[in-house]
Amino acid sequence: MTELRTATPGPGPASDPAGGPRTGAPTSGGRGGGGARARSFWETLAATQARFPVAQVALLFVTFAVGAIAIEGFGSYNSVRNMLVLASLVGLTAVGQTLVVLVGGLDLSVSGFIVAGALTVTQLAEMYGWNFGTALLVAIVGAGLLGAFTGWLCNRLNIQPLIVTLAMSAIAVGVVQVQTGGAQSGSAPAWLSQLSAPVATTFGIPMPPVVFLWLAVGVLMWLFLSRTRTGRQIYATGTNPRAADLALIRTRRIWTGVFAFSAISAVLAGVVLAGFAGSVDGSLGGPYLFQSLAAVIVGGTVFGGPGDYWRTMIGAILLVFLGTVILGLGFTIPDRQVMYGAIILLAMAAYGREKKLSSRI
Amino acid sequence: MAELGEPPVVSVSNLAKSFGPTRAIVDATLQVLPGEVHAIVGENGSGKSTLVKILSGVHQPGAGSLEVAGSPVRFFPTPRAAQAAGIATVFQEVLTVDTRSVLDNIWIGLESVSNRVRAAEKRRRASAVLAELLEHPPALDDEVGDLSLSERQACSIARSLIREPKLLILDEATSALDFSTRSRLFGMVRRRAAEGASTILITHRMDEIDEIGDRITVMRSGSTVGTLALGEWNPGILVQMMTGAAEQAAREGREPVASADSPVVLEARELALRPGARPFGLSLRAGEVVGVAGLEGHGQDVFLKALAGLEPVAGEVERVDGSARQAVRSHRGASRLGIAYVPRERRAESIFEWMSIVENFAIATSSEDRRGPFLSERRSSTRFAEYLDLLKIKIGRGGDAITTLSGGNQQKVTIARWLASHPRILILNDPTRGIDVNAKRDLYTLLDVLAKEGLAVVMLSTEVDEHLELMDRVLVFREGELAAELSRAELTRERLVASFFGGQEAGSDPTGTATTGTTSTGTERQAS
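Chains as they are written, first to last, in the numbering used here: chain A, 48 to 408; chain B, 610 to 1137.
Derived from the structure by calculation, the hints contain no laboratory data. Some hints could be false.
To be verified - Restraint-style ranges between C-beta atoms, simulated for each label pair:
| id | chain 1 | residue 1 | chain 2 | residue 2 | range |
| --- | --- | --- | --- | --- | --- |
| 1 | B | G981 | A | T249 | 26 to 34 Å |
| 2 | A | T277 | B | R1097 | 40 to 48 Å |
| 3 | A | T249 | B | P982 | 49 to 57 Å |
| 4 | B | G1008 | A | F88 | 55 to 63 Å |
Stated by the list, open to error - Quick look at which bits of chain A chain B covers, simulated, 3 or more residues with Cβ under 8 Å:
| id | region |
| --- | --- |
| 5 | 274-280 |
| 6 | 290-298 |
As the list claims (entries may be wrong) - Facing chain B, according to a computed beta carbon distance under 10 Å, are these residues of chain A, among others:
| id | residue |
| --- | --- |
| 7 | T95 |
| 8 | N287 |
| 9 | A324 |
| 10 | G352 |
In this text, all values refer to a predicted model and were calculated from it rather than measured experimentally. Every residue, glycine too, gets a C-beta built ideally from N, C-alpha and C.
Based on the provided sequences and hints, a complete structural model is requested.
The structure is reproduced here in structure tokens:
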């Protein structure tokens, strides 16, 4: 035969170890190129990345190092504590969003329910003379019903959650604002402010309770997703809804439940945010909607799975670190917005590629 | 037939290709002569698909050389480059844009701004190809999503044929086709061969190769182990080359285990699979293995789904347990009554792609793994272990992603998923489609074991050989009606195939008359 054409530098496939289970012929197209050795390195990395967000954690350390070197006081305890408080707030708003993304949806009503929750426990409570507990209960039940309806509707009629949640967001805010007569100021009770005030302490530890609350939520979410039957069914529903149906999973209930959960968790996050912000108005939720979604995506949770809430936690910390460094280096808040957007695009592009790799291996 | 003397259309030598640690192709050499139909056979994972994907420009090889029409060329960097060189490939997965018309689907990718084809010309050529390929071609403006699986695959085949390629590659592309479309496609392949165009045929079906193959190249574990010319092969030799093992003993049919004394476990009455169809009945006994056959889309699928409570049809399906009778009204209800359904499309309907092997196994029965509020991973694994031996499932670790397994092993895990629900009736929708010979053998053995344990099995299969080998009786469907029922004694290849088409020699017709539908509606019939 004629020329022996080798597309790869290095020893070529004949020297590859033949180990590993024999797999079926790969199904998706992939591009060649790259030496056999280099490729197996990248594939090992991709496989590791699929189990643990190596890239995100590495970026986290790099960002912190850059910040600590370039910005005075960035590495101090106070600064780190403040950043963790901000990350907790972002993380708490992303609890429901993580589940929604896992079942393959998207929840744009997070901002609306944050505002609705915050307004309910501040203004409505004041207006009607409810105590805090009653107000909270009203908010939770209301949000749960609206969220459940969203999930049910999307699944039943097979429509984009994008649009339904947008509509639901408007309804949630509207319903509360009608009650308050459009007056948009309310103040949170003092104890609520203490939950997330940076100078607050938790049982003597100089770290505000919201950080520990977040950690507790993280542990519960981890147990829920990885150890419970419902968690497993959420993953299955997101991965392959049709197979899930055939495997006797009640996928409509899963959708209904997940969206109800997302609405309730947004309301609760709104309550915490009300305490953090002190006063509440309609713009409270906006920035958090975007950041919650960014935290989910950057953390490495993919639409329809795989993913996990602890990944979102890493994503939230990374976002806050990056944002702080950017501002500290003299950039503006609009610059930070551009960066957040770019990060989301980058993350999506990376997972697109990763998915391809994983189906090739 | 191949003409000697002319250079091969395509010739690859010493091809190698790895995906990470997996060596998909170790050493492959293949020559395709002008005007020949060249079959490639081998088990799943033997490298057939990778080989044709390299020829189609989808993958780039690690090593090897390529000649087109006798002159050395670079491997095709993109599918477009392969197409430009006259190679068109149809893959097993049905690749159509379901929201576009038949016409658009056939011409997709062929047009560019610089190369426009007049609308009338497009329609003329598309309908010519479709008319040759399909007995009842759909209208060119029909939306592809509304067509049957077989018709959709015919559209993607038409897309390749319209390019008039020098080399047509059919990579398991016939498995989705119904019988008549397949026959017509083979007719076209033969006509093309007479005109000097070549075809590579990858298939798991020996009868297809016998039908149109000129030469066969056998692959095993990523290497081509030999090429046989017409007359040099028989099933024994091929299996031996594919497996590398000594020739397997000729298989006898299974011994039936069910008898007239075996208890009835399921009864269907007055089933009409489509409005106006002649209703029929069925009673299924423990230990019975019943085949469901017919041309694609003639009601077999609906029948299985009706038994599993997935598709509401006129009539009644009842689970019988001793003197207790309960109607099957929903899939969940069916499952509760001990009826398990293994769907047809492994990837779309069964597999949770990135989830682990054990998770894929346990998903439908996870309530058994509950320990307090949590799931016990260990209990899932323990339950799964029972099925590893029974189904001969080969896995690395249970925590690996399901996609690390071959198609055959994925299918076994899916079947294990449903066996774990301890069904009394197992409904299998074409379970051996696209899986390798050994995995098929394992499944046959399994069905035998399960039948001996008293499980009743209803299995749809598109392979005639499977019916001959496995089934106690075969129900043949035509146009949404039960057209014939062949008992084990009556079961021959000729009779079975003839009954697909309503031939007169279709054996004992269920109505006792010829199958020309003389019976009035409402005739009730009890099987066996």
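Tested hints:
no. : hint                         : result
1   : G981/B / T249/A: 26 to 34 Å  : holds (29 Å)
2   : T277/A / R1097/B: 40 to 48 Å : holds (47 Å)
3   : T249/A / P982/B: 49 to 57 Å  : violated (27 Å)
4   : G1008/B / F88/A: 55 to 63 Å  : violated (23 Å)
5   : 274-280                      : holds (count 5)
6   : 290-298                      : holds (count 6)
7   : T95                          : violated (13 Å)
8   : N287                         : holds (5 Å)
9   : A324                         : violated (35 Å)
10  : G352                         : holds (7 Å)
Hints 3, 4, 7, 9, counting from the list given before, are not met by this structure.
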